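Colleague: Since chain A is already given, all that's left is putting chain B with the ligands on it; use the hints.
2 protein chains.
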Amino acid sequence: MKIAVMGGDGFIGWPTSLHLSDAGHEVHILDNLSRRWIDTELGVQSLTPMDSIQERTRIWHAETGRRTHFNLIDLAKDYELLKKWLAEHRPDAIVHFAEQRAAPYSMKSDRHKNYTVNNNVNATHNLLNALVELNLDAHLVHLGTMGVYGYSTIGAAIPEGYLPVGIETTDGRTVSQEILYPANPGSIYHMTKCLDQLLFQFYAKNDGLRITDLHQGIVWGTHTQQTRRHEQLINRFDYDGDYGTVLNRFLIQAAIGYPLTVHGTGGQTRAFIHIQDSVRCIELALKNPPARGARVEIFNQMTETHRVRDLADMIAKMSGAEVVRLPNPRKEAPENELIVKNDKFLGLGLAPITLEAGLLNEIVDVAKKYAYRVDRSRVPAVSAWTKDLAATVNHDPEGKRLKSVS
Amino acid sequence: MKIAVMGGDGFIGWPTSLHLSDAGHEVHILDNLSRRWIDTELGVQSLTPMDSIQERTRIWHAETGRRTHFNLIDLAKDYELLKKWLAEHRPDAIVHFAEQRAAPYSMKSDRHKNYTVNNNVNATHNLLNALVELNLDAHLVHLGTMGVYGYSTIGAAIPEGYLPVGIETTDGRTVSQEILYPANPGSIYHMTKCLDQLLFQFYAKNDGLRITDLHQGIVWGTHTQQTRRHEQLINRFDYDGDYGTVLNRFLIQAAIGYPLTVHGTGGQTRAFIHIQDSVRCIELALKNPPARGARVEIFNQMTETHRVRDLADMIAKMSGAEVVRLPNPRKEAPENELIVKNDKFLGLGLAPITLEAGLLNEIVDVAKKYAYRVDRSRVPAVSAWTKDLAATVNHDPEGKRLKSVS
Ligand SMILES: NC(=O)c1ccc[n+]([C@@H]2O[C@H](COP(=O)([O-])OP(=O)(O)OC[C@H]3O[C@@H](n4cnc5c(N)ncnc54)[C@H](O)[C@@H]3O)[C@@H](O)[C@H]2O)c1
Ligand SMILES: NC(=O)c1ccc[n+]([C@@H]2O[C@H](COP(=O)([O-])OP(=O)(O)OC[C@H]3O[C@@H](n4cnc5c(N)ncnc54)[C@H](O)[C@@H]3O)[C@@H](O)[C@H]2O)c1
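Heads up: the protein sequence lines correspond to chains A and B, in order. Using the UniProt record's numbering, the final residue of the first sequence is 406, and nothing's skipped along the way. Using the UniProt record's numbering, the final residue of the second sequence is 406, and nothing's skipped along the way.
Same shape as in the complex, but just chain A:
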């Protein structure tokens, strides 16, 4: 297949591109490199030393003889360029990662809120709009998030996208309907993924586009079979307070001998998936497109759930680190249950890598190995969800308070 990977320079996009290239597909990466610019804006960098996309694709070619083609295109701003590229290449499938993906970054300031809404809505809408305009029947696989469900308190297991409900009719009967799971996003970033869902629903219904939306958990792990093949093919590893997910920040704290910082009670349950499983799922989704005219296909792309404090304990046990508590900068329920269905990918043959089995490698092979590159002042999460919360959160740019605790 000819596959366009939108956002193919990113954390998941890069290993996905290599995985698909390795499987024999013709891979084209479209990316505006905004993620690299945001590193510059925030004054942070990947823990792993990451080469330019041009250099990485050169090395992949040298290693394997396979080419991945890079195109600098902004999906949100360059509609005409995007359309021209699609018209010329007419890919069979498109994987769409090209969005601003950090919840804390999306809540930093009014500018960051506007940027996230604008970038994400327009990237997705431009893509859909161009497909219709060009009459291009490419299967679109989008990376959504478990966060569209909003870690809801409905009390039912979270289904794969569609919720069966009973509705009382005017004549007193109760009819069953499957509805798109009611959106309850917890940040501007998560909200943009809910907006995406409505865009997908409309374009599938009105124009018969074939769309798969993957509601993904937090991706952990660094290496895949392909990124391991050469030092310079290594994937990015974000550990800063905005882009570093809770797990990565625990790993770094463990590696540099800091206590693991749990926000609030640590009672929030989150869903996880390893990067190797994530790229496998994307391949499985590509192999199983919905029919033209069908509703949007939705998979839950996650393999296990954990409470944040249990994760901290798990890593503390493996590494000998301590655990401390800090005020939570997020506006969210202190404790939540999370039961998630993921039967579809399991049914397609996914055999998950577990945190229990893979975490130690991450501590040793990645966090400890590159610990010399850590900028300690960047680990704390400081972006607060509201101005009130900002006042209560511990702003500790120097990591002083943590040092004294440890």
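Everything labelled a hint here was simulated from the structure, so no lab data went into it. It should be emphasised that the depicted structure is a prediction, and the values quoted were computed from it without experimental measurement. All the given hints hold, so there is nothing to weed out.
Which copy is meant is left open, because identical chains are indistinguishable; a pair holds if it fits in one copy or across any two.
Straight-line C-alpha distance at most 30 Å; calculated DSBU-like pairs for lysine-lysine:
1) K331 / K84
2) K287 / K344
3) K331 / K341
4) K341 / K205
5) K108 / K77
6) K84 / K205
7) K331 / K108
8) K108 / K205
9) K205 / K331
10) K108 / K83
11) K287 / K387
12) K387 / K205
13) K287 / K84
14) K317 / K368
15) K387 / K2
16) K83 / K387
17) K83 / K331
Modeller: Coordinates of chain B with the ligands only, in the frame set by chain A:
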């Protein structure tokens, strides 16, 4: 109250501004005049001769001694300007009309789709974002549409925004929940109003903004008590295929002796409200804001429903016009039921003006009076929902086919 009317130069915004000014409020109009520019783009004009906004506000002042202040600001593009204006004026309430509001226009081409998504999402989001940033507790009243419900086939009466459903829990019980009515928009325009809903939900939850969303039916009628006070205060009247609603186009066809063109079977049921009732509803909504921290308040702002073919028959009877059928350029079910709850506004004292009672005036006082200004070639609706439909729709820019029928 100090009230900002966003989009106050438009069809509903203008009479709302006068109505609120007349009631003693301090009214500030913010508008980018894009609607006038779109008239220029499409080569159409209001049936009624409409003065510039500057001239209209001057005449209102001369007539009544009251000032309405006009500010040329683009809500979608000028975030910093908008924020500055809000910071300086700190209004008590905001009425938000400032969106591209024609479904056919939103489906004209890829450029029009992008414009509509961009303009509407950013106008709404910029407004919400600025309110939070400025810590401004103004009550926001937004004009949504009945179209967010998507003339759904769920079989239940359409509630005011929230649908009670039964959800089966993991342990086999059924719990009742009220959810935002599942969105099922029929055009890009309607979809943007569904996106707005999610933005409102998030900002009400995360930041405690006080928001009222009015899910409005098709507004008919031209005059209100205030616009009648001077010839040059007259409201706009759109009859072209993009901005003219079905009713206005019937009125014009009747006035110029054309047959009334019904699309498809005319079996689509639509909801209606008179412009005078619309401005009264907005005033009622302003008087009854939700509490800070409450969920978004939603009203259905409509007073009666009719099938399109029944409307045509009603106007044919009053005017002696014929009725003809044309292919439908919209992708929609040929027939639908529509039972809508509007108890909230009735409970607040709304006494609706009925089509039966008001239509004849529209034919005589407006459509016939200004019939000499009609551009006949602009009456047919030609924007098609998909490329397939475009091929089947009767493109009849000269109105030739209609002439031969009549
Ligand atoms: N990382 C996770 O844990 C996780 C979890 C759930 C969902 N997701 C989703 O998966 C996708 C990829 O996530 P990631 O972790 O690889 O993020 P990332 O930020 O590392 O990668 C996103 C890539 O998209 C590019 N991009 C952003 N906006 C663009 C635009 N307008 N035009 C062109 N390129 C643009 C960026 O430059 C970057 O290379 C995102 O959509 C994200 O929301 C990620
Ligand atoms: N007319 C109806 O039948 C009807 C029915 C349901 C809902 N509504 C909603 O009510 C609102 C008003 O409708 P209308 O019929 O008066 O439409 P309109 O087009 O006559 O008025 C909208 C006004 O907003 C302005 N505007 C648009 N984008 C703007 C921006 N980015 N910045 C500043 N100003 C901007 C336009 O210039 C125009 O004056 C719309 O949101 C519409 O969706 C209308």
